[in-house]
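Visitor: Put chain A on the given structure of chain F with help from the hints.
Chain residues, written in single-letter form:
2 protein chains.
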Amino acid sequence: MSGPFFLGIDLGGTRIKAGICDGKARPIDHASIPTDADHGPEETMNRMAELGRRLMGARKAAACGIGVPGPLDLDRRMILRATNLKGWIKVRVPSGMKRRLGMPVIMENDANCAAFGEYQAGSPCDCLVLYTLGTGIGGGIVIHGKLWVGASGAAGELGHMTLDPRGPKCGCGQRGCIEAMASATAVARAYGLPAHEAFAALRRGDPRAKRVIDDACDKLGMAVANMIHVLHPDRIVLAGGMAAAGKPLFDRVRASVRKRVFPVCLEKIRIEPGRLGGDAGWIGAALWAREKLT
Amino acid sequence: MSGPFFLGIDLGGTRIKAGICDGKARPIDHASIPTDADHGPEETMNRMAELGRRLMGARKAAACGIGVPGPLDLDRRMILRATNLKGWIKVRVPSGMKRRLGMPVIMENDANCAAFGEYQAGSPCDCLVLYTLGTGIGGGIVIHGKLWVGASGAAGELGHMTLDPRGPKCGCGQRGCIEAMASATAVARAYGLPAHEAFAALRRGDPRAKRVIDDACDKLGMAVANMIHVLHPDRIVLAGGMAAAGKPLFDRVRASVRKRVFPVCLEKIRIEPGRLGGDAGWIGAALWAREKLT
Chain F
0 MSGPFFLGID LGGTRIKAGI CDGKARPIDH ASIPTDADHG PEETMNRMAE LGRRLMGARK
60 AAACGIGVPG PLDLDRRMIL RATNLKGWIK VRVPSGMKRR LGMPVIMEND ANCAAFGEYQ
120 AGSPCDCLVL YTLGTGIGGG IVIHGKLWVG ASGAAGELGH MTLDPRGPKC GCGQRGCIEA
180 MASATAVARA YGLPAHEAFA ALRRGDPRAK RVIDDACDKL GMAVANMIHV LHPDRIVLAG
240 GMAAAGKPLF DRVRASVRKR VFPVCLEKIR IEPGRLGGDA GWIGAALWAR EKLT
Chain A
0 MSGPFFLGID LGGTRIKAGI CDGKARPIDH ASIPTDADHG PEETMNRMAE LGRRLMGARK
60 AAACGIGVPG PLDLDRRMIL RATNLKGWIK VRVPSGMKRR LGMPVIMEND ANCAAFGEYQ
120 AGSPCDCLVL YTLGTGIGGG IVIHGKLWVG ASGAAGELGH MTLDPRGPKC GCGQRGCIEA
180 MASATAVARA YGLPAHEAFA ALRRGDPRAK RVIDDACDKL GMAVANMIHV LHPDRIVLAG
240 GMAAAGKPLF DRVRASVRKR VFPVCLEKIR IEPGRLGGDA GWIGAALWAR EKLT
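Taken in order, these protein sequences are the chains called F and A. When we follow numbering that gives the first Met the number 0, the leftmost residue of the first sequence carries the number 0, and every step to the right adds one. When we follow numbering that gives the first Met the number 0, the leftmost residue of the second sequence carries the number 0, and every step to the right adds one.
Wrong hints could be hidden among the right ones.
Identical copies carry no separate label here, and so any pair may be met within one copy or between two of them.
As the list claims (entries may be wrong) - Below 27 Å or equal to it, Euclidean Cα-Cα: the simulated DSSO-like pairs (lysine-lysine) are:
hint	residue 1	residue 2
1	23	97
2	267	291
3	209	145
4	145	291
5	246	267
6	85	145
Just so you know, these hints were derived from the structure itself, not from any lab.
Same shape as in the complex, but just chain F:
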């Protein structure tokens, strides 16, 4: 273990995760605290800084990366409005954290950070696309080793691909977004119990759970196939809470994609779980800080 070190923080709606990596991208230490929705942005930034300082101890990090729920402004200087954090409107996180930590700070969308973390942790590829399957569906894209955020900084909004103009209403105001049909929330809504209970019931042979999960995974495969028809990445990572369901989910999604994409196109495409689990966000944020700030 030798310097330089990098601090990564993943600001989630439920928990704040943080950790430090060394210069070779190896995680050294990490911890998490509850986000606590009652705290406003200033107090939360105080708590994130305290957590970071505690993890660093005597080791001073060279830079800090923070993953936050979007959308962000194009220059990544502020959160425009954090969906799951009440009162977080136009918050200048990087300058606020830089003042508190006394080091360069970079901010990026949380799913983008997870994509960059998984890109670094996996075998080399030209293009990685990550889906986070949780309360919503997020996405991140890495092309030639760099995060791809597109013209307006909002590329990879993979949850808002419309698959059915007559489909269920999405939080974004549209109908038939994949987020409204295949997120953990959508599965829970259709089944009447949390998504992990639906998968547990599927394992017990419950036909209603099977119907709900078959349908969600078929739709998810359709969204992945549509994305393949645009980008043809070589690595597709399904991450986030619902991806923990493992084989029953992956088998179904892969089968749905296979039905919809020219066979020749699938030879070079892997659809796989993440390797970093719930640590992808903070690790990716730390590595993105290393990439961009040093």
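Guide: Same frame as chain F, but now just chain A:
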């Protein structure tokens, strides 16, 4: 006008277009001949070479680019199966043309060539996505000045994005691809007369033509919005025969996209006609040869 010169050829189902550019990407001369479906690959390559030699005259080109209907193998050494050219299965076009012309030859998907041509002809951008609206719907993507063909060489198959799992059957075997709902062929099928006649009838106030065109353009906007949610390009070009309909088409597609994408995302995105018209394919092929072979 000074050397080096570049020869570009666009092998279409109906016509073969070819031309030469100078080293500054300025078109110097061009011509076209009918494709004539009765000729096989060998005879057609003879005719393409003859056309190229006629255009070059005493000017020897440094390299030749050929745009062909896909799908191609990953290394661009052969056409796997040209959809609109009978009997063109596993044809090694670059080696065949190199033998005939005595110069380096590069082959690429026709819509990819058109995308590269429009990229070079327009104002600078980070990412351009081109749709060709014709018999089918093709696509091409340029990222940071290079064609993006993805892991398996088939990125930008934008016509086969599924928008409605219960939609009309597509030539690819799937249901509800945008090609089956918004290509010139789809509009002609829905209206009962060729697409340009539907647009002419729309101008005369025909309510049935309006319904057909409203619907096709709404769907096309949905496909464009889905692509934006993945890539967020800064320039989107609608090209091909049906894009010649102009304002009635562009106004409707833009309105459909505007309904479906976060407003902040649209600030940096232009949706516009091509600047090269029917010459985009051969010009793009010539410029891609310049890019890759010199």
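Visitor: Work down the list of hints and note, for each, if the structure agrees.
Guide: Right, here's what the structure says about each hint:
Only within a single protomer do residue 23 and residue 97 lie at most 27 Å apart by alpha-carbon distance; the minimum there is 23 Å, versus 47 Å between protomers. Taking the closest pair of Cα atoms, residue 267 and residue 291 come within 27 Å of each other only across two copies (23 Å); inside a single copy the shortest separation is 29 Å, beyond that limit. In this homomeric assembly, residue 209 and residue 145 never come within 27 Å of each other (Cα to Cα): the closest approach is 39 Å inside a single copy and 44 Å across copies. Taking CA atoms no more than 27 Å apart as the test, residue 145 paired with residue 291 passes in both settings, with 10 Å inside one copy and 23 Å between copies.
With identical chains, the CA atoms of residue 246 and residue 267 are at most 27 Å apart within one copy only, with a shortest distance of 20 Å there and 40 Å across copies. Taking the shortest alpha-carbon separations for residue 85 and residue 145, neither the intra-copy value of 31 Å nor the inter-copy value of 42 Å comes in at or below 27 Å.
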